[in-house]
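Make the full structure from the sequences, and use the hints.
Going down the list, the sequences are from chains G and C. Each residue of the first sequence is one higher than the one before, starting from 1 at the first, in our numbering. Each residue of the second sequence is one higher than the one before, starting from 110 at the first, in our numbering.
None of these hints come from the bench; they were simulated from the model. Beta carbons are placed, not taken as given, at the ideal position from N, Cα and C, and that holds for glycine. Hints may contain errors.
[As the list claims (entries may be wrong)] On the chain G side, residues computed to face chain C include the following (Cβ under 10 Å): (1) Lys-42; (2) Gly-43; (3) Lys-70; (4) Tyr-71; (5) Ala-90.
[What the hints assert, rightly or not] Below, simulated EDC-like cross-link-like pairs (lysine to aspartate or glutamate); rule was C-alpha separation at most 20 Å, straight line: (6) C/Lys-166 x G/Glu-3; (7) G/Lys-67 x G/Glu-45; (8) G/Lys-42 x C/Asp-135; (9) G/Lys-56 x C/Asp-210.
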Amino acid sequence: QKEVEQDPGPLSVPEGAIVSLNCTYSNSAFQYFMWYRQYSRKGPELLMYTYSSGNKEDGRFTAQVDKSSKYISLFIRDSQPSDSATYLCAPNYGQNFVFGPGTRLSVLP
Amino acid sequence: NAGVTQTPKFRVLKTGQSMTLLCAQDMNHEYMYWYRQDPGMGLRLIHYSVGEGTTAKGEVPDGYNVSRLKKQNFLLGLESAAPSQTSVYFCASSYRLGGTDTQYFGPGTRLTVL
Chain G
1 QKEVEQDPGP
11 LSVPEGAIVS
21 LNCTYSNSAF
31 QYFMWYRQYS
41 RKGPELLMYT
51 YSSGNKEDGR
61 FTAQVDKSSK
71 YISLFIRDSQ
81 PSDSATYLCA
91 PNYGQNFVFG
101 PGTRLSVLP
Chain C
110 NAGVTQTPKF
120 RVLKTGQSMT
130 LLCAQDMNHE
140 YMYWYRQDPG
150 MGLRLIHYSV
160 GEGTTAKGEV
170 PDGYNVSRLK
180 KQNFLLGLES
190 AAPSQTSVYF
200 CASSYRLGGT
210 DTQYFGPGTR
220 LTVL
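Okay, here's the thing in structure tokens:
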């Protein structure tokens, strides 16, 4: 089993849809949960992060962590064509960090 | 601030050739990283550095060497390139290691080994 898994997609949705991106992990020691966004032919950039279990909201984006089931979600409300990118989850603790393979999202106008 | 820059942006090598990828950051970060990104595999850590003069192995270090002679630069070397090293290489830097600290990525180097 890979340490972090994501549905690779591509996921195509119409503009304005609610998007749910999901990630599962196997290492129960992970404490911090980052989401990076990567546009085509660019480097990843941090979108948001959460610590331990719970929700965190930032504008149209909500990150949710359920440590009991080792499940991480990123929700995008009112999705826009500019949200079209690959989304990488990246759990970590201390010097142990790993990136998921990413989910490619296309938001169609 | 330029952030993290990488040189070159593209390169084509023949099997057995050598090359060095240069990463530079102007954010005074202690930590620097080299990753490779392949379809379906995500970002995999090759080597990293926790400060000037230090280096450490990551998940996939074989076939690569690194050096951090200056705090702002992190070099990745391929001594004898192989087709399996065809990939997109990203450099990143951060102020701290892990936790909520952000890694800042460069634009990547696309390497093809024939």
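Hint by hint, here is what the structure shows:
A distance limit of 10 Å between C-beta atoms decides the matter here; for G/Lys-42 the minimum to chain C is near 6 Å, and the interface restraint holds. The beta carbon of G/Gly-43 comes within 3 Å of a beta carbon in chain C, closer than 10 Å, and the hint placing it at the interface holds. Contact between G/Lys-70 and chain C, as hinted, is not supported at the beta carbon level, the nearest pair being about 17 Å apart and thus beyond 10 Å. Interface hint status for G/Tyr-71: violated, as the beta-carbon distance to the closest one in chain C is roughly 18 Å, over 10 Å.
With 10 Å as the threshold, the beta carbon of G/Ala-90 comes within range of chain C, its nearest partner Cβ sitting at about 8 Å, so the hint holds. Between C/Lys-166 and G/Glu-3 the CA atoms are separated by roughly 18 Å; this keeps the pair inside 20 Å, and the hint holds. Our distance criterion of 20 Å between C-alpha atoms is broken by G/Lys-67 and G/Glu-45, whose separation comes to about 24 Å. Between G/Lys-42 and C/Asp-135 the alpha-carbon distance is near 19 Å, which keeps this suggested pair within the 20 Å criterion.
Annotation: proposed proximity of G/Lys-56 to C/Asp-210 holds, straight-line Cα distance about 17 Å (limit 20 Å).
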